[in-house]
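*Asks:* Line by line, the protein sequences are chains L and G.
For what it's worth, the working numbering labels the leading residue of the first sequence as 1, then goes sequentially.
For what it's worth, the working numbering labels the leading residue of the second sequence as 1, then goes sequentially.
Bear in mind the hints are in silico, worked out from the structure with no lab data behind them.
Positions of the beta carbon are idealized from the N, C-alpha and C atoms, including for glycine.
Keep in mind that a hint or two might mislead.
Reference listing, derived: stretches of chain L covered by chain G, where coverage requires no fewer than 3 residues with Cβ under 8 Å from a Cβ of chain G [as the list claims (entries may be wrong)]:
hint: 1; region: 72-82
hint: 2; region: 85-94
hint: 3; region: 101-108
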Amino acid sequence: MPAISCRNLVKTYDGRPPVEAVRGIDLEVREGECFGLLGPNGAGKTTTIEIIEGLLPATSGDVEVLGRVWGRDDDDIRQRIGISLQETRLSEKLSSLETVTLFRSFYRQGIAPEDALRRLDLQEKSGAWVGKLSGGQRQRLAVACALMGDPELLFLDEPTTGLDPQSRRQLWDIIRGFREQRRTVLLTTHYMEEAERLCDRVGIVDQGKMIALGTPRELIASLGGEHVIEFSVDASSSAGWHAQSEAMGVVSSDCSHALPVGQGVPPDGFTNLPAVSSAWTEDGRIALSVTEPHVALPALLSRLQVLRCDLTSLTTRHASLEDVFVKLAGRHLDGEERPHA
Amino acid sequence: MPESNSGRYSPLRQLVLSRLREFYREPEAVFWVYGFPILMVVTLGIAFRDQPVEQIHVDVVTGPQAESTAFALRADKRFVIATNDADTCRRRLRTGKTAIVISPRPETGRGAGGEGQATADTQSESSPQPTPPRPNPLPVGEGTAGGQPAAGFTYLFDPTRPDSLLARNAVDDVLQRAVGRLDKAVVWDEKFSEPGGRYVDFLVPGLLGMSLMGGGLWGVGFVIVDMRLRKLLKRFLATPMKKSHFLTGIMLSRLTFLIPEVLVLLIFSRVAFGVVIQGSFAAVLALILLGAGSFAGLGLLIASRAKTIEAVSGLMNLIMLPMWILSGIFFSSDRFPEAAQPLIKLLPLTMLIDALRAVMQDGTSLAAMTTQLLGLAAWGSVSFVLALKWFRWV
Chain L
1 MPAISCRNLV
11 KTYDGRPPVE
21 AVRGIDLEVR
31 EGECFGLLGP
41 NGAGKTTTIE
51 IIEGLLPATS
61 GDVEVLGRVW
71 GRDDDDIRQR
81 IGISLQETRL
91 SEKLSSLETV
101 TLFRSFYRQG
111 IAPEDALRRL
121 DLQEKSGAWV
131 GKLSGGQRQR
141 LAVACALMGD
151 PELLFLDEPT
161 TGLDPQSRRQ
171 LWDIIRGFRE
181 QRRTVLLTTH
191 YMEEAERLCD
201 RVGIVDQGKM
211 IALGTPRELI
221 ASLGGEHVIE
231 FSVDASSSAG
241 WHAQSEAMGV
251 VSSDCSHALP
261 VGQGVPPDGF
271 TNLPAVSSAW
281 TEDGRIALSV
291 TEPHVALPAL
301 LSRLQVLRCD
311 LTSLTTRHAS
321 LEDVFVKLAG
331 RHLDGEERPH
341 A
Chain G
1 MPESNSGRYS
11 PLRQLVLSRL
21 REFYREPEAV
31 FWVYGFPILM
41 VVTLGIAFRD
51 QPVEQIHVDV
61 VTGPQAESTA
71 FALRADKRFV
81 IATNDADTCR
91 RRLRTGKTAI
101 VISPRPETGR
111 GAGGEGQATA
121 DTQSESSPQP
131 TPPRPNPLPV
141 GEGTAGGQPA
151 AGFTYLFDPT
161 RPDSLLARNA
171 VDDVLQRAVG
181 RLDKAVVWDE
191 KFSEPGGRYV
201 DFLVPGLLGM
211 SLMGGGLWGV
221 GFVIVDMRLR
231 KLLKRFLATP
241 MKKSHFLTGI
251 MLSRLTFLIP
261 EVLVLLIFSR
271 VAFGVVIQGS
281 FAAVLALILL
291 GAGSFAGLGL
301 LIASRAKTIE
311 AVSGLMNLIM
321 LPMWILSGIF
331 FSSDRFPEAA
341 QPLIKLLPLT
351 MLIDALRAVM
361 QDGTSLAAMT
371 TQLLGLAAWG
381 SVSFVLALKW
391 FRWV
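Between the sequences and the hints, there should be enough to build the whole structure, so can you do that?
*Replies:* And the structure:
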């Protein structure tokens with residue numbers, strides 16, 4: 001039995017015009033895995049997770065949580081899940097211990113408040129008012145509140161947004177520890193690094209749809225290679241680009257615009273290079289997915305020489321989920337639009 | 001280690017405790033809830049304290065008879081006498097520095113001068129000689145003051161000002177006696193000061209009602225909207241917390257704040273102004289709880305859908321303002337026109353204050369106030385049910 005399963009989830013907010021926040025998402029989260037919904041802000045991640053959490057009614061679609069259905073087994077589900085919302089301002093005048101004790105009291109069974117604080121490394125802040133805690137400490141306290149009912153399934157909506165790297169790593173360790181007890185985690189994030197490091201499987205969401213689903217490794221492998229070569233060329237060296245590229249059958253673009261391409265058309269002129277499996281543009285630069293950089297690089301350089309384009313930058317790196325998102329959505333995860341010609 | 005539920009984890013207890021802690025850790029809130037009503041009692045109690053009029057400011061217009069008139073007026077110790085020229089006197093009357101301006105006249109006679117209307121006590125002149133109840137003060141002109149005695153006076157006063165009217169009568173009394181009037185009836189003055197009859201006795205139940213209304217509406221409504229804004233309501237909704245526990249917890253914590261609030265007001269007015277409860281304390285307590293519950297329900301209703309502090313503040317004021325004015329906190333609501341009375345009597349604050357005054361001032365029993373009790377209960381329960389129905393958690 002999957003921990004979560006939803007079929008054809010749709011959520012349309014009333015308004016003029018109506019906003020289609022979620023447009024048919026299918027999702028299955030297996031027991032014991034850490035599943036990440038990755039996507040830019042406004043992609044529909046929070047709407048999706050809140051429907052699954054039973055906090056928002058879906059416009060249509062079916063949701064099952066731990067084999068149970070909202071509207072029929074509400075209390076049963078609530079007793080078994082833990083939730084941390086994207087933004088909750090806990091009462092500032094209550095201490096950490098008082099806050100977790102309050103949340104503990106809502107559950108029939110659960111962990112001791114002191115124990116929860118210890119797990120989240122907050123035992124020294126047990127008597128401190130929430131108002132006096134740092135951002136990272138508050139976020140950990142929010143997760144502690146989610147753990148009070150000793151849940152089988154934990155929902156974390158953007159748990160590390162706005163945190164410094166150290167606090168972020170600390171939270172990752174806590175989430176890993178939770179998963180090691182064979183419990184399930186569903187989290188949303190717009191940090192691809194977080195999804196890559198923390199999640200067993202990732203669903204990439206954009207504009208209310210799931211555009212990719214798989215383990216981080218699978219998704220990166222779908223690019224064709226584990227490496228990425230990114231380069232750009234000097235605009236003034238574009239003489240002969242046209243003639244040459246036309247002659248060679250590559251895409252008819254203008255070098256002076258830093259190899260711009262039309263929407264949805266990848267710079268295919270480089271995909272026929274050895275060891276290159278796919279190509280796309282990113283911030284006006286061309287990115288190539290490459291299986292063997294030491295084969296692809298010399299071929300690329302000689303191709304550019306033939307085209308008489310001067311390189312202005314060239315980098316190679318490991319491929320990331322970010323590259324997957326950019327290739328599929330044509331945008332960065334942080335929401336910046338790629339400049340079009 | 002999983003731990004099972006026990007007394008420490010009673011949700012209602014935790015919810016009430018959390019609210020109480022949040023409240024007592026907010027010094028400003030504590031001041032406004034407890035300090036403010038006391039300040040009101042002190043200020044109003046002092047302003048309207050029931051003491052005999054100590055001083056009557058009297059101006060005498062300068063002239064030949066001014067000296068002798070002033071001398072005669074000194075027989076009454078309450079008079080503070082000033083002698084000024086006519087213009088100054090008028091200005092002082094206009095600006096409220098004096099209550100009356102007396103112009104002594106050398107001759108008597110009807111319509112003898114200006115706008116003033118001469119009055120003469122014809123009865124006293126032709127009456128026989130009874131034993132005067134009090135020793136007659138010195139007639140004008142006798143003794144050391146000297147000067148021609150005045151035969152008549154023009155009183156310049158403002159009949160719409162109670163102090164002016166009082167001054168006119170007091171002055172006339174003294175001056176008439178000074179020129180020889182004899183009081184024939186024997187009178188005995190008895191001072192009436194029954195407990196429960198003073199203004200402060202009237203005021204304390206009013207303030208109690210006002211503070212119950214303010215505390216109920218703000219204490220419940222504001223807190224809920226604040227929690228909604230902070231997404232704390234949504235966070236609670238994401239737990240198995242029972243909604244009834246939450247709403248009951250809010251109501252219970254409200255009633256808990258109330259105990260010291262009410263006690264402080266009652267004890268203070270008892271110690272400082274001697275305000276006592278004529279009826280039974282249990283009846284007052286029952287009314288307070290009923291009133292607080294009723295206003296907490298109303299607060300819940302106001303806050304059930306409001307999404308911003310501005311919206312809830314506006315609604316609060318919309319609800320409270322008519323009651324502040326109409327429900328008789330500071331003066332009896334009977335002063336409003338007859339036609340408006342049925343409506344005024346329907347307001348929860350009117351019902352509460354009327355019932356509190358009946359018990360505290362007149363010692364009426366609760367049985368005599370079924371209308372108010374049922375009315376308050378109806379306001380509270382209807383609001384609570386509607387609030388539950390309409391309540392927005394996110």
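*Asks:* The region 101-108 of chain L covered by chain G? Criterion: 3 or more residues, Cβ-Cβ distance below 8 Å.
*Replies:* holds (count 8)
*Asks:* Just to make sure I understand the rule, a stretch counts as covered if three or more of its residues have a C-beta closer than 8 Å to a C-beta of the chain. Does the region 72-82 of chain L meet that for chain G?
*Replies:* That given contact holds, which follows from 3 residues of the region 72-82 of chain L lying within Cβ reach (below 8 Å) of chain G.
*Asks:* Is the coverage entry for the region 85-94 of chain L by chain G consistent with the three-residue Cβ rule at 8 Å?
*Replies:* holds (count 8)
When each numbered hint is compared with the structure, no violation occurs for any of them.
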